[in-house]
Structure formats: C-alpha cells, structure tokens
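Number of protein chains: 2
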Amino acid sequence: MQVFKAPLRDMRFVVHELYDSEELSTALGFEDATTDLIDTILEESAKLSEQVLFPLNASGDLEGCHYENGVVRTPKGFKEAYRLFCEGGWTSVASGAEFGGQGVPESVAKLVEEMTCAANMSFGLYPGLTHGAYVALEAYGSQVLKETYLPKMADGTWSGTMCLTESHCGTDLGLLRTRAEPQDDGSYVVTGSKIFISAGEHDLTENIVHLVLARMPDAPKGVKGISLFLVPKFLPVDGGKPGPRNGVSCAGIEHKMGIKASATCQINFDESKGWLVGEKHKGMQAMFTMMNSERLSVGIQGLGVAEAAYQSAVFYAKDRLQGRSLSGTKHPEKSADPIIVHPDIRRTLMTMRAQIEGCRALAGWVARALDRAAKSQDARVRQESDDFAQLMTPIVKALFTDFGFENASRCVQIYGGHGYIREHGVEQYVRDARIAMIYEGTNGIQALDLVGRKLPAHAGRYLRSFFHPLSDFVEANKNDPAIGDFVKNLGAALIALQMATGHVAQEGLKDPEEAGAAATEYLRLFGLVALGFMWARMAKIAAAKLPTAGGDAGFYQAKLATAKFYFDRILPEVGSLLAAIKAGKASMMALDEAAF
Amino acid sequence: MQVFKAPLRDMRFVVHELYDSEELSTALGFEDATTDLIDTILEESAKLSEQVLFPLNASGDLEGCHYENGVVRTPKGFKEAYRLFCEGGWTSVASGAEFGGQGVPESVAKLVEEMTCAANMSFGLYPGLTHGAYVALEAYGSQVLKETYLPKMADGTWSGTMCLTESHCGTDLGLLRTRAEPQDDGSYVVTGSKIFISAGEHDLTENIVHLVLARMPDAPKGVKGISLFLVPKFLPVDGGKPGPRNGVSCAGIEHKMGIKASATCQINFDESKGWLVGEKHKGMQAMFTMMNSERLSVGIQGLGVAEAAYQSAVFYAKDRLQGRSLSGTKHPEKSADPIIVHPDIRRTLMTMRAQIEGCRALAGWVARALDRAAKSQDARVRQESDDFAQLMTPIVKALFTDFGFENASRCVQIYGGHGYIREHGVEQYVRDARIAMIYEGTNGIQALDLVGRKLPAHAGRYLRSFFHPLSDFVEANKNDPAIGDFVKNLGAALIALQMATGHVAQEGLKDPEEAGAAATEYLRLFGLVALGFMWARMAKIAAAKLPTAGGDAGFYQAKLATAKFYFDRILPEVGSLLAAIKAGKASMMALDEAAF
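Chain order of the listed sequences is B and S.
Number 605 marks the last residue of the first sequence (my numbering); no jumps.
Number 605 marks the last residue of the second sequence (my numbering); no jumps.
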C-alpha cells in the first residue's frame, strides 16, 4: 500500500539545524525567509503533496496518458491538481520576483520539490520541466522573450519543455539534425523531429514553450554548431494571449515502463516559428544551464521516490504478521510478530533510512551552495559555492537515482509476493524510479562528467570545495568523545577517496580511457564519502542536542543510531570500490568487439 | 530489442569441459548420455527455445493472461507452443523413465531449463511447476497416486502446482488455515483459499494437479500440523481420463509487475476431494522436496533472464552509434562509433558476462552434484554431493536472482531512454526478473536458510563439501604460472569467507539475531567466493587448451579475460561484505519499532 506523509521533522532538521537557516534571511538577503515562513511553506507544501498529489499517484499510473489525433489527455484529476498547484504559487516557488516568481531560496525549494516527487513523480515532471526552461530562458533569453514568456511560466499558465533528443541521438547531440533557418524578421523557421519530450504535449496549460536544439544552415559540425530556440505551441498575441497555432505537433506518446502519467512525446517541428535563445552556435551552453538545474531535480526525484518507498515499506513491516522474533516473542497477543522484528527486515529499512536521510542532508548542502552562489556578498563564497554545486551535480543526479531504484526495489522485497502485485502499489515505485537513472544524461554520463569535466576543471579547484571542509571537519572532530569513531571511519574513507582521485587524475591524464574505466565506481565512492560526512555532521548535532532535547530526544537518538548503521554497514563499500578502480581498464577493454 | 540465441558453446564448455560429461554415461549410469546425445539435446532445446518460445516472450507480456468466469486464457500462441514442448518430450526431460520420463541427467536438464527461461520465463513456469510437483509426488506419493498422475505429468497432458500461500501467510506457513477432513474411503475433503498459485488455472492442459498444504482436524498448531494433499481439478476416471470436476475453482488472477503471461491465481478449494501425500502432519517435509527443486529452478530463471538481457544489451551496444572512442575513432566510416567502444559500456557488459558465465558454471557443479547424489555407486560421494546441493540451493536461488534483476537493469541502462520504452522490449526483463527474488522463499529467507539450517547441519558437515575442494584447489594451483594470481586472490577471498563463517557460527550460537543480521551479506559473500572458484577453474582449463585451440582460441581467450575482470572488479566486494558482517547486529536493531 502506498503511504506518504511529508518528512517535515527531518526537513526542518536539514534546513534549520544542519545548515543554519538564519543565514538565508540575513547574509543571503532572502529577507522573507524567516524560520516561521520556511516552516509555513514546508507545511503548506506537505498538505498539497499529501492531500492532492499523492492520491493521484496510483490512479495516474493505472490510467496513464492518452493520445488521440495530436491531443494528449493527462489522467483524471491531474488538471484540477495542477490548478491547485498553480494557485498555491508552487510553479514559481524558486523563480525570482522580477517575472512574478516567489523568490524562495533553493534551500527550501528543493525540499518542496522532494515532497512533490515523493507524492507523485509523474505529476512533478510537468512543473519541473517548466522550471528548467524558465532558468535557461532567464539566463540567456532576450528581454523581449523574457517579458513575454517568463511571467506565464512563473504562474504556471504556460509550461515548458526541453527538446534535445532525436531518435538517433541522445547523449551525442553533435549528431542532431533539426534545422533552423533565419528569417528577415529576426525569427527562425525550425524543422525537425524530437523524441522523449517530457510534457511535450498535454492538457494542463493553455500554451507550451519548447526550448529546442537545432542547427543553423551555416553551423559547424558537431556540438559546436548547435543553437537553442524558443518555439511556442501557440504564438503569443496581444501581450501574452495564445494566438495562432505554430507548426508544432505531437505525433504520439511513448508506452513506458513507468511514470505513465507523464506524457513522453514525439514532437514534430514543421516549419515552426522560433526565436534564438542566447548566442548562435552556443546552444549547448544555454542547454547546460537548464540541464544542470534538471540534473539536481532528477536527483531529488530519486530521493523522493526512495522516501515514499521507505514509508510504504515501514507501513507493511509493522502491519504484516509473520513468524516470531528470534530474540523471543514480541507480540504474544497476535498470531505472529510483525516482520519488523526480523533482522533482515531491519537491515533493509535501516539501509533505506541511512541512504535517504544522508541524501537529504547532502541535497541541503548543495541547495545552500546554490543560494550562496547566487546571493552571497562575498565573491569568494560565491565562487566556492558555485564550484561545489558544479562538482556535486553529477553525484546528486547519479547516486540519488541509483539509490532511488535500489530502495524502491527494497520496498518490494519487504512486501514479498504482495509487492509484485499491482494493487499494492509499490511495484510502481520501481518502474517510476528506473527512468531517473537514465534521463538528463545517464548515470554513466554523470560519472564521465565528474571525472572528465569536474575533476580537471580549473586545475582541480572544484574538488577543494569539498575536500577542504571535509578534511577540516575530520581534523577538528577526530577525538570528539561522541562521534570520534565515526570521524575516524570517515577519515579512512577520505583517504580512499583521495587515492581514487589520484588514480583517476594520473592514469586519466595518460589515457582518457582509464578515467572512463574508473568513472562509475569513482562517482559512487565519492558519493558514499559525502554521505559519510553528512552522517558525521548530523551525529555531531544530534549528540549535542540530545541531553536537552526533551520530547525530541527520540529524533536525535534515531539520528545517532542511523549514523552508526551507515558507518557499520554502508560506508565499507568504499574499500571494494577503491580496489575495483585501482584495477584499471585492462581487463575491461581486453576483448575484441567481435568477442561479445 | 529482445534478441536470443542459446549460448551453446558456453553450455558445452560447462557440461563437457568443466565437468567431464563422460562421468554421466560411465560412473553414474546415464548410459544414453553420451557427448553426442547431450549435444543433440542441447541443440534441439535451443531450436525450440529460439524459434517457438522466444517469439512469444514480448507478445505474451503485452497480452497477458485473461480471466473470465473461472476460466484463464493464456496469451496467443502459448497453447501451440506448449503442444510442441510436450511433443518434444521436454516436459519430462529430467523425470525418471519409470513413469514415462526421459531420464536426462540434471547436468543437461538444467541447461535446457536455462534456455527455456531465457527465451520465455513466463512460459517456463508452466512446465517448471509441473516438474516440481512431479518430484514431490514421486518421492512421497503412494503407488496408486504415482501410477495415476505421474505419467500424465511426465508427458505434459496434465500440469502441476504447489499451493502453499494464503493471503495472511507466505513465509510463516504455520499460520495456514486450509482444512482437510478425512473420509471413510481414505480420501480427504479439502477446504480453503490459496493465493499466488502459479499455473493454478490455465488452458494448456486437460487437467491440473494441485499439491495443497492443509491441516487435519487433529493437527498440532504451527508447521508441525501441516499435511500435503493432492487435489486434481478433474477427478481421474477410467485409468487416467479427466472425469467429474472437483471442488476447485479459480477466483481470479493477479495483475502483476511482470511475468504477465504466467497465470498467478487465487484458487478456492470448496469441499474438494484430495489424497494425502506422504505422512500425516509431515507435509512440510514433502513440500521442501518440491521447494528445493523449485529453488534451484528459480535460480536458473535468474540466470536465463540475465543471459537474454546480456544478449539484448550486446546487440544494442554494437548497433547504437553515439560519440567517439576515447582512444581514437574506431569506425570513421560511420557517423559515430558504436557505444561498445566506451569503457563504461564495456564495464557493464563485462560485469554481466562475468556474473552469467560464473553462475552457469556453478549451476553446472550443483547439477552434477544432484546427478552424483542420485546415481553414484559410492555412498560417500552420494552423501557429499547431496550435502553440496543442500548447501548451495539457497545461494543459487538468491545470488542468481539478485544478479538476474541487476543484469536486466544493466541492459536497460545500456539502452538509455530507449530501454525505458515498452516497444524495445528490455524493460520487460526487469519486470520479469523481479519476481524471482521473491517467490519460493524471498532471498532474505534463503539467507536465513543458509545461516540457520545449512551451516549448522550435522555440525557443519555441508560446508566441507565446498571448503575442501576449494582449499585443495587453492593449495594445488597457487603457484601455477597461468592462473596463480587469480588463485591468490581466491585464497584471500576464501579466508574472508572463513572469517565470516566463524563470525556467523560463533555469534549466531550466542544470539540467533546475530546470524540473522549477517545472513544476506554472508550469502552474497559466499556466492562471490563460489563464483571466484568457478572463474579460477575455468581459467585453468582455458589456459591449458588455448595453445592448441585453433578456431576455438577466441573462446578461451575470452574466458581468461573475463576471469581477470571477475577478480579485478567483482570479487573485491568480498572485503566490504566481510566488514559489514563483522559490524554485527547492534546498529541494525538499535531503534525501537516506534522510531520507524
């Protein structure tokens, strides 16, 4: 059975206690973002997620989207839910006030995103894509485009997409064929076919704003000849009303493993009218702005689905009676003990919990870095924060979505045979979670981004934004009586990460295939160490607050116990990852293609 | 795109080269099982699997089974495929000749099973369940029951089921409520409701033979009061024709995540007529005979799906053009290189390959042990072989099915977005593979079986059947110039396994929850060491044969390269598993139930 309550206590812990939220309203200039307002936002988001979005999750999966004659119908209830979502201002929660956004800090907005995705991942994609398009347009669009489109996207009246993929190219966008011909009026005529366009066509908004990668006639080959265009479904007239239909049509929707309530469209651009966004031939740059925002969001999707799966697993583990505790009957009044008494069920739940809370803490750090990068008065803080967000984006995307899928699968395992049956609802989490490992760049591509771009950038400068605070923390806390054991483990894991980093840097410099061969394990190792840092920090706060916590003592005790579990049971994977990395590419690349 | 060709070369390697198949026709008395006949069986099975079963895999998933008024219809083509399957004698390939079976050794039959499951896992369940029921009935049924039912089950005219689960009990069968009242004529009246009954109702056979767990009125509570009954859908008359309908009905089928062409039924027994199988109140013993056979078969399902997923992944990795090799363009004539040039794709394919071929080798060892346990002239060999099969059954079931799911997911990842789309067919492998980790005892239950039953059995005697040959091999080969490095790695992994075994034995004796806390990681560690042994043995053979292999040189070179990959990249997980095991139960069991 799908169950979901927003994990507000843990969210407040992250935003207020782990990363002091007063910084937001003081040093970072989000004047309205007081503790009280943040809590109100979280509570209101929780209500909407629990009461409006979550009840449509299973029904949306069952019904799916329907396509007929170019029109896409979302599942029952989605229109009304989207209306409520817009009315609450949630479409623009993280958008700036200039074009009508709420201007809420990312430190809070990312928690709102998590709730939305946990309650209904398919639903979350509609406003999620709009936000990504908003970010790219805000950064690269002309003033006219911004004034025409951003207010409509901020209030959710119009939605957005990103149109990259074509049937023959996804990762390798250099191969793309969609063309854009310049016109005398400064607009372009865009022609081509795109696939896998999330929210490409649907019935939730009066207009859809496509950001489309295409080539101009004089474009150089490869990715250096790609430009970005804005192509609306309806051409705006009269200062913002949808006017005549543009040459944009939906040729069909995909039948997918999951996220069935999200319309994944084939979109044809048939001499459609569009406008250049950013510079000619520099579309990839603008698209990466959007993509980086989306990659963090996809990571958050993984976290959200994992949280929903965890809660559903806990519900069943407490409800299902089967067998007796190995340490003696716990519920003699019942025909059997609930399965949560069994160590293997505990192991599963604790693994989920340790990963989820660790990821939430890491997401909070990245979100705060985004806020600092945008708003700090101190140029050095802005740069270090941006470095950190750049570095962690592929890790958040890949690690969180790997965990999302693993944890959805763990939930099914706890349900046993019942988990495999559609009516119980938890197999949906596995099907939904699976896509997040793929879209916005597969997790293998994230790993290559980490080793190939982020590590070498500015002679390794990005790395310092992570290694320095971590080393400082280890140094300062290794003899702390409350968390010293954790910190020693963390220090050892840091050394493993440094060795792996050295391997990737040295071997990768000699032979880029060596970096590629290490990439996936390196990203996971990095992520596990980052979560170890989070757990040590959370344990430190919990240990400090526990003596005077009163009614909150259980919360901090659980943090300490989960930290211990993380260091006992999850962090040790670092050792085997390092061994695999050090083995190098030889055996991986030994076989001829023909031998497969 | 789903592709499948039976991996005959590797199968012949396992049955002939890794485990000398001459033993079968000589020492073990399978006189017909000559090298030629074995190869013919494998080739014929390959034909049927590739040409008849495989083409129905995707269509069966799409169409699913249909239920109406108690009748279940299998997907289009299944009836004809089942007819061909029966005509070829495949329903009874491993059944003894006494009741019409083919008497093929398990060493060969398990390879046939793998092909069936790889081609069409849903289809394979119908004859698979029949075979499990056959085994239990042959071991425990009265002569009359055997003569009436076994020939019909051997030729596939009638199929079989195992009816254990009820809605409130699966793992904990002590809770079951189905009743059996003894009648004056020696039969029983069976009443109750069962769920999750694979092949419980369908249109492939003229009769269905249910083996049903139920309680007699005088039964003690718990699992010691359960008896096994044979309850046919139609009561046989005239020496083997289906006569009057028995009080057995299908109340519905489940809507499942996968294996949609396999009918998973709710079966009601409404004062149905049945006969006791085996002794009163000893139904669990008989059911375990069936279950052990089924558990190995489920492991083989995991292997089969992994093989199909691997082949589909290789197809796409060679076909899909995207990006250029990091070591320089490999296919300048094409718009891009096929993605198989990229290290991360290689890593994925090599991981699949190393796991799959390792599992096939281990399954071959277990299958040979079954043959020896049944047929050896030497009582000691029979006992050691039975010990080994007992020990390895939970490992084969859990490890192979975990790998099956992991590898199905790896295949989807190689396809990227296209893998998430139903039309490409590979997401089906993920959905199908998921059930194998659950049914016939969840993988968590397998781990408990390993640490709680198999390890302590006869004061650890079962373990010797594995540790002795492994230690002997390490001792004999550690200085072998061709495989000495592998063997040293294997020796270190063996020490880790011995340490883990010591931990489980000592701590588990003091506190059974400690064994439970270690169980899942222990099973995986054990499995990885067993596969390491397989890879070292395979490498030894490959190294010896390579110099004179001629046209087969590529096969042996690939074995050596894949062995190296296994030791480089997969076996190191042993270290982190040992660390997790040694951490014990403390942090796992620390939280109160209420804290979840």
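Hints are computed from structural coordinates only; laboratory data are not their basis.
Some hints could be false.
Note that identical chains are pooled: a pair holds if it fits in a single copy or bridges any two copies.
To be verified - Here are the simulated DSS-like cross-link-like pairs (lysine-lysine), alpha carbons at most 27 Å apart as the crow flies: (1) Lys233 x Lys289; (2) Lys519 x Lys250; (3) Lys339 x Lys519; (4) Lys230 x Lys339.
Task: Violated hints, by number in ascending order, as checked against the structure - done: Checked against the structure, the only hint that fails is number 2, while the rest are satisfied.
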